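Got chain Z; can you put chain G on it based on the hints?
From first to last, the protein sequence lines are chains Z and G. In terms of this note's numbering, the first sequence opens at residue 1 and continues consecutively. In terms of this note's numbering, the second sequence opens at residue 234 and continues consecutively.
Hints were generated in silico from the structure; no laboratory data involved. All of these numbers come straight from a predicted model, not from anything done at the bench. Hints are supplied without guarantee of correctness; some may be wrong.
[Claimed, not checked] Straight-line Cα separation of at most 27 angstroms, DSS-like style, residue types lysine-lysine; simulated pairs:
1) G/K269 - Z/K121
2) Z/K178 - Z/K200
3) Z/K41 - G/K289
4) G/K386 - Z/K121
5) G/K289 - Z/K43
6) G/K244 - Z/K121
7) Z/K45 - G/K269
8) G/K414 - G/K386
9) Z/K134 - G/K289
10) G/K244 - Z/K41
11) G/K312 - Z/K134
12) Z/K43 - G/K244
13) G/K340 - Z/K134
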Amino acid sequence: MPFLSSFNWVPLLLTGKLALVTTLILVIIGVPLAYAIAFSKSKLKPVFEALVGMPLVLPPTVIGFYFLLIFSPAYGVGKWLKDFFDIQLVFSFNGLVVASLIYSLPFMVQPIQNGLQSLPKNLHEASYTLGKSKWQTLWYVLLPNCKKAILTGMVLTFAHTIGEFGLVLMVGGSIPNKTQVASSIIYEKVESLNYEAAHKYSAILLVISFVILVLVYSLSKNNFSTQIKNNGH
Amino acid sequence: MISINIFKALKGTQGFFDLAIDETINKSDFIGVYGKSGAGKTSLLRMLSGLDIPDKGTIIVEDTPWFDSSKRTNLPVQKRNIGYVFQEDVLFDNMTVLQNLHFALSKSNEIKLLDELIDIMELEALLNFNTYQLSGGQKQRISLARALVRQPKLLLLDEPLSALDYEMRQRLQEYIKKAHKTYQLTTLMVSHDPWELYQLVDKVWQINDGKIVKKGTPEQILPLELYKKII
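Bound-form chain Z, shown alone:
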C-alpha cells in the first residue's frame, strides 16, 4: 500500500514507546507516592499535594525551561551526570522520559490517591488487627480494592504523554528518529505547509485519543456500577 510504504511511522512508534515507558515507571513511583499522600497526617500534606499537582497548572514550557537549566550538560546537575556517568538528558529520549515522568505525575498519582481515600477507613484498620503490616495491607487489601483507580491512572498517564507537545519540543528538540514524536512532527509538517502528512498523523492521534478516552469512561462507569451493586447488597 502506498500509504504504508511512504509514511514515516517512527514518530508514532517513539510516541508509543515514550508513553509506555513513562506509564510503567510512573505506576511504580505513583502507587507508593499516592499511598503516602492519601494517608499522610502531616500538616504539610497540602504542600505535597500541590507539588504533585503543579504540572496540571504550569505551562509545559515552564517545566521544559527549568529542565533545560537543570540538566544542561554545561553546568550543575547536567554537567555532573555527563562527567561521571556519561548521561546527557537534554535532547535525548531518556530526557524525554524524565520530563514526561514529571509532566504526567498528577495523572497517575491523583486517581490512585482518590481511589485509596475512597476506601472505608476501617478497611486497613481491620487488616492491621489481623496482624498484617502496612505493606501487606497495601498489597493484599488496598490496591486490589482500587484496581480501577490504578487502571484509570495508567490510561490517563498514557494518553497525556501521547498528547505532550511543548515539553517534548523543548527538552527533546524534535530530532528525527531520536526525539521527534508525533505531536512535534505534526507541528513541523504544518509549518512547512505539508497538510497531507499533518492530516495523517493528526487523524491517527485523534483516533488513538478517542479510543483511550472511551476506555477511561468505560472504566469509570464500571467502577460506578460496581459500587452501586455493592451498596445494593
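For chain G alone, kept in the frame of chain Z given last:
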C-alpha cells in the same frame, strides 16, 4: 488479667472531655460497655486495640505492657493479638469468604482452628461466595470468625449488631455467646441495646463523658423496668 489505666483528652458532640479509665478485666470476662453516643466507648476499644494512642497511662495484658506512657512503650496493633469486629462490615471484597478467613492466619497450626470455626459459625456453605453477595448478618458472622482465627487474648466488639434487623441480631447473639464460651474469650462489647447486654454479658460498665459511672451485673446497671419486662 488485663489492667487498664488510661487517659485521653477527647472531643465529643458537647465539646471536649477527658476519658479516664482505671479498671481490671479478668480472663474469660464478658463485659458490656454501655452509654450514650459520644461517651468514649469506641475510643476505649480503639485504644485497647492500638488503633488510637492514649495520652498517658498503662495497658498491661498478662504481665506484658501493651502500652506504658512512662516507658514510651506502645505495642503496635499488629502485635497486640486482639480480635476486633467493627460496627460496619469490613470484609475484603477482593477475596472470597474463605480467603478472608485465610488472610487472618499467621501460623500453619491455626488451620485446624479455622476448620473448627467454620463448623461452629456454620460458614461451610458460604466459603466460596464473594463477600458482596452476602447479607449484613452473614458478613458480621464472617467478621467475627475472622477475628477469632488469631485466638485473640482480647476480643473487642464495637456495636457489631447495630446495623442488623431483630431476627438477625438474635442469631448473631447466639454465635457470639457460643464463641465466647467455646474459646473462653475475654470480651469487651460496646452496645446501646440493654436487651442485647442482658443476653450476652456478665458485667456492664456504664460510661458517661469518658468515665465509668456505674459498673455491675446487667441487672444492677441496666433499666430495671426493661429487665422485668424481659423476665
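The hints, checked one at a time:
1. G/K269 - Z/K121: 23 angstroms, holds
2. Z/K178 - Z/K200: The given pair, whose Cα atoms are some 20 angstroms apart, holds under the 27 angstroms limit.
3. Z/K41 - G/K289: This hinted pair holds, its Cα atoms lying about 21 angstroms apart.
4. G/K386 - Z/K121: 24 angstroms, holds
5. G/K289 - Z/K43: 24 angstroms, holds
6. G/K244 - Z/K121: Holds, because 19 angstroms separates the two Cα atoms, which is no more than 27 angstroms.
7. Z/K45 - G/K269: Given that 27 angstroms is the threshold and the Cα spacing comes to 35 angstroms, the pair is violated.
8. G/K414 - G/K386: Between G/K414 and G/K386 the Cα gap is close to 14 angstroms, so the pair holds against 27 angstroms.
9. Z/K134 - G/K289: Satisfied, since the Cα-Cα distance of roughly 25 angstroms is no more than 27 angstroms.
10. G/K244 - Z/K41: With a Cα-Cα distance of about 18 angstroms, the restraint between G/K244 and Z/K41 holds, given a limit of 27 angstroms.
11. G/K312 - Z/K134: Holds. G/K312 to Z/K134 sits at ~13 angstroms (cutoff 27 angstroms).
12. Z/K43 - G/K244: 20 angstroms, holds
13. G/K340 - Z/K134: The hint holds at about 19 angstroms.
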